[in-house]
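K.L.:
As a plain string of letters, each chain reads:
Protein chains: 2
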Amino acid sequence: MKSIPTFLFYLTGLLAVAGAAETPRSEKLYGLVLHGGAGVIDRKALTAEKEAEYRAKLTEAREAGYTVLQRGGTALDAVIATIVILEDSPLFNAGKGAVLAADGKCELDASVMDGRTQTAGAVAGVRHIKNPITLARAVMEKSPHVMLSGDGAEQFAKQQGYTLVPNEYFQTEERRVQLEKAKQREAAKKSARLETPDESHLRRIARYGTVGCVALDQAGNLAAGTSTGGMTNKKFGRIGDAPIIGAGTYAANATCAVSATGWGEYFIRVGVARDIAAQLEYKGAGLAEAAAVTLAKVASLGGDGGVIAINRQGQVTMPFNTTGMYRGYRLSNGKNAIAIFGETP
Amino acid sequence: MKSIPTFLFYLTGLLAVAGAAETPRSEKLYGLVLHGGAGVIDRKALTAEKEAEYRAKLTEAREAGYTVLQRGGTALDAVIATIVILEDSPLFNAGKGAVLAADGKCELDASVMDGRTQTAGAVAGVRHIKNPITLARAVMEKSPHVMLSGDGAEQFAKQQGYTLVPNEYFQTEERRVQLEKAKQREAAKKSARLETPDESHLRRIARYGTVGCVALDQAGNLAAGTSTGGMTNKKFGRIGDAPIIGAGTYAANATCAVSATGWGEYFIRVGVARDIAAQLEYKGAGLAEAAAVTLAKVASLGGDGGVIAINRQGQVTMPFNTTGMYRGYRLSNGKNAIAIFGETP
Numbered sequence: 003m004k005s006i007p008t009f010l011f012y013l014t015g016l017l018a019v020a021g022a023a024e025t026p027r028s029e030k031l032y033g034l035v036l037h038g039g040a041g042v043i044d045r046k047a048l049t050a051e052k053e054a055e056y057r058a059k060l061t062e063a064r065e066a067g068y069t070v071l072q073r074g075g076t077a078l079d080a081v082i083a084t085i086v087i088l089e090d091s092p093l094f095n096a097g098k099g100a101v102l103a104a105d106g107k108c109e110l111d112a113s114v115m116d117g118r119t120q121t122a123g124a125v126a127g128v129r130h131i132k133n134p135i136t137l138a139r140a141v142m143e144k145s146p147h148v149m150l151s152g153d154g155a156e157q158f159a160k161q162q163g164y165t166l167v168p169n170e171y172f173q174t175e176e177r178r179v180q181l182e183k184a185k186q187r188e189a190a191k192k193s194a195r196l197e198t199p200d201e202s203h204l205r206r207i208a209r210y211g212t213v214g215c216v217a218l219d220q221a222g223n224l225a226a227g228t229s230t231g232g233m234t235n236k237k238f239g240r241i242g243d244a245p246i247i248g249a250g251t252y253a254a255n256a257t258c259a260v261s262a263t264g265w266g267e268y269f270i271r272v273g274v275a276r277d278i279a280a281q282l283e284y285k286g287a288g289l290a291e292a293a294a295v296t297l298a299k300v301a302s303l304g305g306d307g308g309v310i311a312i313n314r315q316g317q318v319t320m321p322f323n324t325t326g327m328y329r330g331y332r333l334s335n336g337k338n339a340i341a342i343f344g345e346t347p
Numbered sequence: 003m004k005s006i007p008t009f010l011f012y013l014t015g016l017l018a019v020a021g022a023a024e025t026p027r028s029e030k031l032y033g034l035v036l037h038g039g040a041g042v043i044d045r046k047a048l049t050a051e052k053e054a055e056y057r058a059k060l061t062e063a064r065e066a067g068y069t070v071l072q073r074g075g076t077a078l079d080a081v082i083a084t085i086v087i088l089e090d091s092p093l094f095n096a097g098k099g100a101v102l103a104a105d106g107k108c109e110l111d112a113s114v115m116d117g118r119t120q121t122a123g124a125v126a127g128v129r130h131i132k133n134p135i136t137l138a139r140a141v142m143e144k145s146p147h148v149m150l151s152g153d154g155a156e157q158f159a160k161q162q163g164y165t166l167v168p169n170e171y172f173q174t175e176e177r178r179v180q181l182e183k184a185k186q187r188e189a190a191k192k193s194a195r196l197e198t199p200d201e202s203h204l205r206r207i208a209r210y211g212t213v214g215c216v217a218l219d220q221a222g223n224l225a226a227g228t229s230t231g232g233m234t235n236k237k238f239g240r241i242g243d244a245p246i247i248g249a250g251t252y253a254a255n256a257t258c259a260v261s262a263t264g265w266g267e268y269f270i271r272v273g274v275a276r277d278i279a280a281q282l283e284y285k286g287a288g289l290a291e292a293a294a295v296t297l298a299k300v301a302s303l304g305g306d307g308g309v310i311a312i313n314r315q316g317q318v319t320m321p322f323n324t325t326g327m328y329r330g331y332r333l334s335n336g337k338n339a340i341a342i343f344g345e346t347p
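Those protein sequence lines, which keep their order, are chains R and E. The numbers in the numbering used here rise by one with no breaks, and the one at position 292 of the first sequence is 294. The numbers in the numbering used here rise by one with no breaks, and the one at position 155 of the second sequence is 157.
Some hints here could point you the wrong way.
You can't tell identical chains apart in this list, so a pair holds if it fits in one copy or across any two.
Pairs of lysine-lysine, BS3-like flavour, derived with a Cα cap of 27 Å [what the hints assert, rightly or not]:
no., residue 1, residue 2
1, 107, 237
2, 107, 52
3, 237, 285
4, 30, 132
5, 337, 191
6, 237, 144
7, 52, 132
8, 299, 46
9, 160, 98
10, 337, 160
11, 30, 191
12, 237, 183
13, 185, 144
14, 285, 299
15, 237, 160
16, 160, 107
17, 144, 191
18, 237, 30
19, 132, 237
20, 185, 98
21, 144, 30
22, 107, 285
23, 107, 299
24, 337, 237
25, 185, 160
26, 30, 183
Don't read these hints as lab results, they were simulated from the structure.
Construct the complete structure from the given sequences, taking the supplied hints into account.
P.N.:
This is how it looks when you write it as structure tokens:
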């Protein structure tokens, strides 16, 4: 497992962490961090125009959540407000613009956790819910369950008064092209007598992100949420880390709120979000230190991605060990940033 | 949340822990622990004949796994061998004899994790797989994924050469009666204008267990597995803790192997299996101490259940905060037990 590429991932992870934002402790600080996915973001392919679009949408989403906090709203409301905007944008792999599964349909996962009560909600494999993050919240607040899946989750949505949208609402031309390319690569592999997609292929198609937000409100409560369209050319009802409480999402007032993005299988195995919180809880680690240790674990197994986290003192971190992660934060002390590559925000 | 019942749960948890087995450290010790579910097990309703049946089946399953270990087999093989026997028995809520969902069908979840590689596999909501634990293992070993769900998981099974069984294979008369009773209670609640099932109702129907096994082999490797039929009268594609890596199942050679059973929603929120391992990893806690702390967390939120765990030194623990937990263990130093109620095994 300790191959040279693994070592490079590890190193990249540490460098990314070195660029993470760390703010001084303050009782009354509030704010939020958001991400729009980590992965191979090609600097050359990202035109100035496209980059401006990403930055504008990340800013819009951040400000929507921040306004909730500024007006005294809850961390949970801020997380939802931010994620809904990212879901509604075709730029990100969540809600509209989600990647296409092998059958050409979008299949969406989302989860949310309230740090105040440690209650949580998640949905996996829904196909007709415009904003899966709001359904995850409904599961948390209106059902005795944490996780609902597939058609059953949509039956619950109908009971809750949701209007289902046709799957075509989510589908975009860009994602159809990505699916076609993925299928061509898969076919090429098969004709080369490789029965299963190899790791480098998976590495490429796993890179189309996720969105997430973590927030600390004026009352000192934390919340976290994550939403995704999963993997291009996904088969077999695969569930990644985004709807798994403890992997893609975790929040507890006693520790921190975390949302993850990356190669889901590795994030589940490490239990990324919970692992970061556990280091704060059981060894008194700092937030940035804990996130770095956890991402290094992911890298040591061969995976990659990034996380965003905030604690009750308003410290934030947003490390990643990929070439880029769409991300940003804003705190009530005025500190804020929007970033894509390894620049120190 | 800190009601009197909660306090009692907490206390029962500690008492159960006090009765847990703890063995001296030894490099070459190997063995396994298994459970057949924790819940309200009524001493009076459990006839001597029925109790003997449970003890015999638990013993048979334990010996099947132990034999694998004794012959130098892997912890993973031992876990599968043990769980397959529990799945095949109608006595436990897993495989044959699983509880029925609201639509009268059995819907099965399982997961497995190999502590040597920290690889994991899980299936959720399968309806035609005789031994879901073996499919969880196939997901781990033959797919690039960790978690597959529903029809998709069964498509993968077919690709792997599985023969699907009709859902009727799993269904038993006893479980049909339980479903009818659950539906009658639900209807009574609704006619009493209570729209959602209340907690005490959920508490009852959540109690029909899960099966699991954790093992340490002669090479010093750990593995854990869990399999369940979920909740009686289950709706909306609900997914509990059993197929969630970090909640129902976790194994890492560096810490321990854990399988959980109980009220799944609370076990997901706490991330039970990973939380126990995290205490060993980050604060050097003992296995029994860590399991007790984690179960106390579950209790403080209002949930209950039990766990089994083993570490690389062959220490074992099997605490619960319900009236009983079908459980047993056997170690290569000769120590062994089969137990149901709070007796010190």
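K.L.:
Against this structure, judge whether each hint is valid.
P.N.:
Cross-check of the supplied hints:
1. 107 x 237: both (11 Å within a copy, 24 Å between copies)
2. 107 x 52: Classified as within; 25 Å inside a copy, 50 Å across copies.
3. 237 x 285: neither (39 Å within a copy, 40 Å between copies)
4. 30 x 132: Cα proximity of residue 30 and residue 132: none, with 35 Å in one copy and 56 Å across.
5. 337 x 191: neither (48 Å within a copy, 52 Å between copies)
6. 237 x 144: between (30 Å within a copy, 14 Å between copies)
7. 52 x 132: Answer is within; shortest intra-copy Cα gap is 24 Å, inter-copy 51 Å.
8. 299 x 46: Classified as neither: same-chain Cα gap 30 Å, cross-chain 50 Å, threshold 27 Å.
9. 160 x 98: So residue 160 and residue 98 pass the 27 Å test inside one copy only (20 Å; across, 32 Å).
10. 337 x 160: neither (41 Å within a copy, 54 Å between copies)
11. 30 x 191: neither (56 Å within a copy, 45 Å between copies)
12. 237 x 183: within (16 Å within a copy, 38 Å between copies)
13. 185 x 144: between (40 Å within a copy, 20 Å between copies)
14. 285 x 299: Both. Shortest intra-copy (17 Å) and inter-copy (18 Å) distances satisfy the 27 Å Cα cut-off.
15. 237 x 160: Answer is both; intra-copy 26 Å and inter-copy 13 Å each pass.
16. 160 x 107: Answer is both; intra-copy 20 Å and inter-copy 22 Å each pass.
17. 144 x 191: between (46 Å within a copy, 17 Å between copies)
18. 237 x 30: Neither: 46 Å inside a copy, 42 Å across copies.
19. 132 x 237: Cα proximity of residue 132 and residue 237: in one copy and across copies (22 Å, 22 Å).
20. 185 x 98: Within one copy only: 21 Å inside a chain, 38 Å across chains, cut-off 27 Å.
21. 144 x 30: Neither: 31 Å inside a copy, 51 Å across copies.
22. 107 x 285: neither (44 Å within a copy, 46 Å between copies)
23. 107 x 299: neither (33 Å within a copy, 40 Å between copies)
24. 337 x 237: Neither way: residue 337 and residue 237 sit 42 Å apart in one copy and 46 Å across, limit 27 Å.
25. 185 x 160: between (34 Å within a copy, 21 Å between copies)
26. 30 x 183: neither (50 Å within a copy, 52 Å between copies)
Comparing the model with each earlier hint shows violations of hints 3, 4, 5, 8, 10, 11, 18, 21, 22, 23, 24 and 26; every other hint is respected.
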